[in-house]
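Asker: One-letter residues, chain by chain:
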Amino acid sequence: MSNHNDFEKTSPWGLFLQQLIVPALAVVTALVLGAIIMWATGNDPLVAYRGLLDGAFLKKRALSETLVATTPYIFLGLAVAFGFKCGLFNIGAEGQFYIGQLAAVWVGYNVHGLPAILHLTLALGAAIVAGAIWSGIPGYLRAKLGSHEVINTIMMNYIAIYLADYLVGLSGPMRDPASSAPQTPAVDASAQLPRLSELPALMASPVTRFTAALLVAVFAFIVVRWWWQQRGNSLRGWRNPWVVGLISAGGLGLITYVFLSSLNRIGGPFTDRADRLHLGFFLAILVAVLVWWILEKTTLGFEVRTVGASPEAAEYAGISIVRNFVLAMAISGGLAGLAGGVEVLGLERNVKSFFSAGYGFDSIAVALLANNNPLGIIPAGFLFGALRNGADLMELRAGVSKQIILVVQALVLMFIAAPVIIRKLYRIRAIREEGVQLTRGWG
Amino acid sequence: MSRSALVKVITFLIAASILLVACAPAATPAPAKPAAKAMKVGLVTDVGGVNDKSFNQSAWAGVQKAIQDLGVDGKFIESKQVTDYEKNIDQFATEGYDMIITVGFLMGDATAKKAQEYPNIKFAIIDFGYFPAKAGDPDPYKTNLTNVTSLLFSEDQVGYLAGTLAACMSKSGVIGSVSGMEIPPVVRFVVGYQNGAKAVNPDIKALNQYIPSFTDPAKGKEVGLSMIDQGADVIFGVGGNTGNGGLLAAKEKGKMGIGVDVDQYLTYPEVKDALITSAMKNVDVAVFDAIKAAADGSLEAGIRLSNVQNGGIGLAPFHDWDSKISQDCKDKVAAAEKGLKDGSISTGYTP
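Going line by line, the protein sequences match chains A and B.
Per the numbering used here, residue 13 is the first one in the first sequence, and the count goes up by one each step.
Per the numbering used here, residue 402 is the first one in the second sequence, and the count goes up by one each step.
Just to be clear, a hint being listed does not mean it is correct.
[To be verified] Examples of chain A residues lying across from chain B (beta carbon under 7 angstroms, computed):
no.: 1; residue: LYS71
no.: 2; residue: LYS72
no.: 3; residue: SER183
no.: 4; residue: ALA193
no.: 5; residue: ALA286
no.: 6; residue: LEU359
no.: 7; residue: ASP404
Just so you know, the hints here were simulated from the structure itself, not pulled from any lab data.
Beta carbons are placed, not taken as given, at the ideal position from N, Cα and C, and that holds for glycine.
When you get a sec, could you build the whole thing from the sequences and use the hints?
Answerer: What follows is the structure, encoded as structure tokens:
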């Protein structure tokens, strides 16, 4: 954990790029090795990768679908990374993802008559709380009783999955009696996280557009003013953080208003009714920045990281291990629950039986790939989303089993876990050791 | 676990997964030589995947047969999760496929949506009929789904055959059926079963209990045991895992059992000693026939029923019981099948 002490010395962007070299080369090397495997098994890697590229980015709706798959990867990657930062291995993201979906849907179809912004916030809030409780229990057990969180989160996964099966199953209490399929009722329109294609209708009234622009402006003001103050600019003249904040807020607000007014002219995902890209992706980016901010710029983040680096030292310094273990697990689970809420309110709008996606387990890999850096999780999640989304077309076009994508993912992880391979291969000197202690011993 | 230990674990897992993948058989078979302009058929499976020993596998077998016999170009996509349905249908649609087959009632909505978006592509869906949910409900899809064929099955007919065999084999004069939810396909099985049994032995006592779940083998077993206590010596398990519980009860008590949907002798070997047959829905045949009809242009929208007449349903082989089932019983089943085929026998099921 030495990198955070002298974080300010290198420019953040320089550090970011330096950290990017090994993962980027790992991905390239893994793709090359994947091609060799395909070639060796009698398939054409060029056709396959062309399919992957088309399926992930170039075909109609491909990029949208990639971003749809990226969204849960970002949230869940953040969840796992937050645990790692505190030295906790939250392997239960999958279960918390389930519970988040169930909680969000329950609020979505049981609460009526609220304005959309309140209802949606309430549903997402329920998802966060449910996920936090689901992971807080193993966190508390770990902190108080020392029972290992890996085992307990795995067990909580099973409870979540079978609980979901029961609740949504054919005779479950959350099942929609009007449907012949085992699924919950659909959430009210007011609890739906809008898709881009639904925005033109939602933003038809100028008042709504103005409100949305105002929200963006207020948000921009807070962020820009904070950022400007951080840079230590003086309070005099036009460089005053308040002035800069107000100018940015006004500008962004105006841009937002104009943008929202011209959605129909922009077309693309805004008018394609079958395009499923929803606002969750943009929320994921915001949350990634927020998590980075919490970890790097707040006392809470400092304490969590200190406990992660060395619980003994933290305790000696008067930082409560119990509190931070529970808190870190709860935040981790809250993020995973939010992932579930966003997924279900943005995509299907109801929970169907057998809805396992395996996102929760993949996201451990996403967090590792990003070296637990909250901002790094955005490109890492995007990579996994693209591979997941492009794999089907690759299989379809080239007849290569899409399992090869799992091989590529595994190779990427192997190179990340053993960066010395990549460094030797490409003769890169090791930058400062960014050792993040992943997790401590078994109790 | 220290960082290096974690790395070791991860490396081991990766190595293991690579081995696993390397050893796994190739998922997609080499495509047969396509004709000049081979019809392209895409199968979107449910989350069970093409190796689920049930519907999905059976549907893919139908496509494979079409690849072999008709020279069509067939591929499948396995849905990893229920939110993938629309996306996977899209994959085929945007790759210029002529026909897309979807498996199972969970895909009903996604299929309808995509069928409306791609009116020039033929769709077929297994086990989902588009009709008003309740009397008086307007059917949201009925009016504009001109390119979807629902592949449904006459469960009552194969139930009738199972009942014929059950009544003939029963020594106690009491038979039972452990059923899942009271939904039309299950009801059809049960009504057919009871009427088939009564046709052989008018005095037979046919017990039945619907259990509102398809995933409760414990309850199924309990119900099965109570039926055996009441004298039943043949148990028909009609309800996924719940029905399997009934079969397990029959096996443990040394009674006879009848499987459902697929040849459960092969898919549920734990109870094979008790299984005298299974009431099968030949999804592969239905799929193959639909592809064949699409190829020669005779596939029509609406419901396409699989029944004894077209071989879409039937009893599974008797396997180990073949020698223990008397020729008289075999003849009775054959006669019932013939009667159902030529229409001289009715199963007594009315929707």
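Asker: Hint by hint, say whether it matches the structure.
Answerer: Hints, one by one, checked against the model:
no.	hint	in the structure
1	LYS71	6 angstroms, holds
2	LYS72	6 angstroms, holds
3	SER183	4 angstroms, holds
4	ALA193	5 angstroms, holds
5	ALA286	6 angstroms, holds
6	LEU359	5 angstroms, holds
7	ASP404	5 angstroms, holds
Comparing the model with each numbered hint stated earlier shows that all of them hold.
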